[in-house]
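**Q** Now for the letters of each chain:
Number of protein chains: 2
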Amino acid sequence: MLPLPTGRFWRAVLLRTCSARLLGHHWASGGPGCRWNPPVGAEELRGELDRFGGVSVRLPRLGALDRLDAASFQRDLQAAVQQWRSEGRIAVWLHIPILQSRFIAPAASLGFRFHHAESDSSTLTLWLGEGPSRLPGYATHQVGVAGAVFDENTRKILVVQDRNKLKNMWKFPGGLSEPGEDIGDTAVREVFEETGIKSEFRSLLSIRQQHTDPRAFGKSDMYIICRLKPHSFTINFCQHECLRCEWMDLNDLVKTENTTPITSRVARLLLYGYREGFDKIDFTVEELPAVYTGLFYKLYHKELPDNYRTMTGMD
Amino acid sequence: MLPLPTGRFWRAVLLRTCSARLLGHHWASGGPGCRWNPPVGAEELRGELDRFGGVSVRLPRLGALDRLDAASFQRDLQAAVQQWRSEGRIAVWLHIPILQSRFIAPAASLGFRFHHAESDSSTLTLWLGEGPSRLPGYATHQVGVAGAVFDENTRKILVVQDRNKLKNMWKFPGGLSEPGEDIGDTAVREVFEETGIKSEFRSLLSIRQQHTDPRAFGKSDMYIICRLKPHSFTINFCQHECLRCEWMDLNDLVKTENTTPITSRVARLLLYGYREGFDKIDFTVEELPAVYTGLFYKLYHKELPDNYRTMTGMD
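Protein chains in written order, with my numbering: chain A, 23 to 337; chain B, 23 to 337.
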């Protein structure tokens, strides 16, 4: 059992942390070329406190820090950290605009490390609490999605062979999700980009989790295969990405050895669903509002029979 | 359809990029206080080329750059970028150890931006190709896992009420995956940490995808609920995280309004599986070797009946 605060609670900090104010007149003081020599102390860096005992400091993008040199920043930050430690703060979040990155190394020399960075800013953290850091990590997974486009009328399935692979195996077209893109939308977009086939999301069929993937910059990879219904049938595949693209009889895909284990399993799943009902293999989707954040989310699971969906409990 | 290279292919670069060599004698030249004045040109920065037309440069952690000031670095990098552009390179990857972060702002002033950063290093990229960048992004999702621990003998389900929530609703214990941790292992670990109950992974029941989550630092969140079998029954819950923890009759969880929509749906799923067979609601797991990387992965889908698992195709 973990003592407070745990990662999940720390995330709530992000909901509460406003951009911190940097107080102390000399942050903005000093003219061109003047020697800048502030008093040492925590007043130079004042951040927003959060309810978990952390403090968050956001360096301004422009102006105020233009005359501040790295050595002075390090001295002031060290004094501030000592002050926060004496006040019982257990963590520091330091948000640094990319053009102010000269302050990263001085912070690192005091023990700060990158939490994450994206585009034009980085966030560093320093753990002041007891034991190892309990601060939450950043995103750990990339998400790839493939579309198994199956035509029930002809029993044919859309398959491709990638270019630039050591082995040319039949597989389902797919690729990485864009930031903020729903699983089903990725499947439909990637299928169209690779094959020219228009389709519609029907269900989620399988999920693969793999760790320390070099293609994911050493992070984890989640690879999801969806069942799609075709809305067009004329293949116009991307010559850059695909070596071949075909509508293949589902039985042939089940039989072939020239495919990946996951493609073969999903082909068998589809044959099972085709014969005995797709409800036997599908995780279907619904959109729901989140209780705490007010955001909407997509939820995938085995579809409930009507009598279970409407029940209010029974024995 | 996308022209080459696409994000998925770029990932392969990570499999091939060795640490770059920094050539040119004056990178390491100059004694204390000496004025360092190298010739301008691409020779100052030489990276590893990749088969997708990109170049990757890794700045050394120690030594060679100690005497190099930011202005000289910017001048040399600008010359190198001009050279790479003239040679038709379409992207630059710049890997910078945290203690060399004084070189980030000069790179940013030339258009470089953070691709990602973690712990003690950051990676910046500059797109030189036509149109918008087609470089792959970094991890986009955090993964949370909850465990629905159900005792078939008593028809009781393990539920908790979180502390630090606006509404005290019954839900399943769970939390965020550690880096490299399998879904089922996260469920078992979090259940034990929160409730003291030992359990075993049985299946994956539902997946929720949510975007721009403040608790995920604005990234996306994947929340997965697993079915677990209890191996112990005496509750010893974490007072810091939980307000209440109970073994509740499954029918009562189905009936209660004091729960989240997702918990209520999974409760109904479990009741359906309890009465008509868990094979109707489960995505079970198997471990398989990856075709290209040689890594192992976990694959989750509706379990195939034996005759479909063993079939070699038929009509």
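Heads up, a few of these hints could be off.
Note: identical chains are not told apart, hence a pair may lie in one copy or across any two.
Computed list of lysine-lysine pairs in BS3-like fashion (alpha-carbon distance at most 30 Å, straight line) [claimed, not checked]:
| id | residue 1 | residue 2 |
| --- | --- | --- |
| 1 | Lys320 | Lys277 |
| 2 | Lys320 | Lys189 |
| 3 | Lys277 | Lys220 |
| 4 | Lys320 | Lys187 |
| 5 | Lys302 | Lys187 |
| 6 | Lys189 | Lys302 |
| 7 | Lys178 | Lys220 |
Worth flagging that the hints you see were computed from the coordinates, not collected in a lab.
Note that the coordinates shown come from a computational prediction; the quantities given were computed from them, not determined experimentally.
**Q** A separate judgement is required for each hint: does it hold in the structure or not?
**A** Status of the hints after comparison with the structure:
1. For the identical chains of this complex, Lys320 and Lys277 are inter-copy neighbours only, at 23 Å across copies versus 34 Å inside a copy, given an alpha-carbon limit of 30 Å.
2. For the identical chains of this complex, Lys320 and Lys189 are inter-copy neighbours only, at 22 Å across copies versus 35 Å inside a copy, given an alpha-carbon limit of 30 Å.
3. When the C-alpha separation of Lys277 and Lys220 is checked against a cutoff of 30 Å, the pair qualifies only within one copy, where the shortest distance is 26 Å, while the shortest distance between copies is 42 Å.
4. Only between protomers do Lys320 and Lys187 lie at most 30 Å apart by alpha-carbon distance; the minimum there is 22 Å, versus 33 Å within a single protomer.
5. In the homo-oligomer, the alpha carbons of Lys302 and Lys187 never lie at most 30 Å apart, since the shortest distance is 34 Å inside one protomer and 37 Å across protomers.
6. In this homomeric assembly, Lys189 and Lys302 never come within 30 Å of each other (Cα to Cα): the closest approach is 32 Å inside a single copy and 36 Å across copies.
7. For the homomeric pair Lys178 and Lys220, the shortest alpha-carbon distance inside one copy (15 Å) is at most 30 Å, but the shortest distance between copies (46 Å) is not.
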